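Going down the list, the protein sequences come from chains L and Z.
Counting from 169, one number per residue, gives the positions in the first sequence under my numbering.
Counting from -5, one number per residue, gives the positions in the second sequence under my numbering.
Worth flagging that the hints you see were computed from the coordinates, not collected in a lab.
This structure is a prediction, so every number in the text was calculated from the model and none was measured.
Don't take every hint at face value.
[Claimed, not checked] Computed from the model, here is a short list of chain L residues facing chain Z with C-beta under 10 Å: (1) Met261; (2) His273; (3) Pro331.
Here a beta-carbon is modelled for each residue, glycine too, at the ideal position from N, C-alpha and C.
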Amino acid sequence: MKIIEVKDVSKSYGGVKANTDISIDVEKGGITGLIGPNGSGKTTLFNSIVGYHPIDKGSIKFEGAEISKMPVQDIARLGLLRTFQQTRIYGDMNCVENMLISLPHRKMTLREAFTTNTREDHERAEHLLDFVGLHEKRFLRSGSLSFGQQKLLEFAMALMNEPTVLLLDEPTAGINPTLINGLIDRLKRANSEFGITLFIIEHNMRVIMNMADRIYCLAHGELLAAGTPAEIQNDQRVVDAYLGAH
Amino acid sequence: MTVLRPVFYLALLAFIIAAPFLLPDFRTQLATLWLFIILAMTWDMTGGQMGYNSLGNILFYGAGMYIAAVVGISIVYDVGEYTNAFGGGTYKFTPTQYFIGMGLGLLLAGVLSAAIAWIMGYLLFQFRGPYFAIGTLGAAIAAGELVSNWEWVGGGQGIALPVYPGDFDVGKLFFYYLFAVMGVILFIFLRWFYTTRFAAAINAIRDDEEKAEAMGIHTLRYKLTTWAIAAFFVGIAGGISGYQLIHFEPLETAFQTINLGIFMVVCVLLGGKGTLWGPIIGAILFHVVKEVTWNYLLGWQWVALGALIVVTVVYFQDGLMGWLASKKPEWFGERVITKPDVAGEPAE
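Okay, chain L solo, but in the shape it has when bound (with noise of 0.2 Å):
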């Protein structure tokens, strides 16, 4: 089952033109990979997606709803959610407030948010923290935490939101190698026992060969190539792509 469907998305920026004609789809359950080139028009796509801006034109569906023309607090509130490239935590507050802020607030009724957090949340939040490793620094003011560490707590945050979409913009980025397969670990985990579809960009070619059911790739705004990691892999138009031949 399809769970979004982009369909003849364009985005241009003035004269740029970030996105064209652009159509995906992302099967529910499963790890899609969104590949390209730096400029490619990646992140172009996810805000397209999320609704930080408008789109030119075409449809994009959550659930076989259109929300093109959604703003972003309504389509987060389906559970559609997404992580940034630049980290956002909260970081005057510490690791673990960082992540009873996370709870998901649209699953609350403003009765429900007039509460205090129960043990359970307390527990869940130091399970999560736990999960990616941060545990031992969970008192620490976040903003105090170095930048891996910081993509790391806010890939914490996604999951203690109980998304059922979770769009991760380079989540390997500025993570030391040695972590690298760890969190890979963990993204398979969030996927498989948490029951959470991601659709993650990613430069990092082994992470994503490691983990996407199907890649999308982009180059110059449009979409060149789609198919299974091998498939990808093999592809002579991503080589070059990649290269600077295209």
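Got chain L sorted already, so can you dock chain Z onto it with the hints?
Quick look at chain Z alone, frame taken from chain L:
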């Protein structure tokens, strides 16, 4: 610490109750101090905890003052006639009428001020940062001008309310305790409020509103609710002030944007934004400084006040509490775990 806490609160409560007897010459001053504390604490709800610096909270103070007065009068007399006569001798209130009118007036002052905040918020929360501050300031100034041209509520002359039915000194005590009870209720409320998920969400709005939106928090609803709660308390405080002052007029007393409207902000800046105790400590500090300079530096009091604001903004941007928190983070719950991180240090 946990053992000392109830003792501390009980001692504080005893002091609050005994204060007007310990300092009998300062009863009105103490009541005004409570007003400052209430206004500072409510201002901090949006300014410190939510990151929306309102310069127009005085609007709810003025609105509450007028609403409480009009309701109190209207249960006995026609408001238009009453205000035209400007408190002339033919209008008498029995103690029962006085207290019922005031009670009803204060309740409605709170509820209607909250409603005004909710409605205005739809427009004003479109603005962020300094634009919100200017927008709210504009709204408060406009409200003052509007009311001063509204003859039914006395126009520029304002309203003269009946005096407290009873002994003059008992009246002073009455208003002190009215403010004190309200301040204590507000403190207890906020102490709980800042532990809720709701408060965590408004902190998220303060620290990164875009992120909060992206996490699916109902940002507008939360902002409106917070401001409405603050306005509820400010409205009641304004209502009490009106009855305490007896006579008030729109621009200098009720919608006094340049005095009280700014004082409440200064109180919070002095004490420390976004903390429970900061606004209270700031209000006490500010009130003392203000009274001392008004008494001993007359003519220079505004200069001294300005200098205080400049020093605070330049050297103590986070206020007294913020300064303490940076010096003694362990007092505020920051724990450093020295054990090496099992996950290792990610590369920079």
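Violated hints - listed by number, lowest first
The structure breaks none of the hints.
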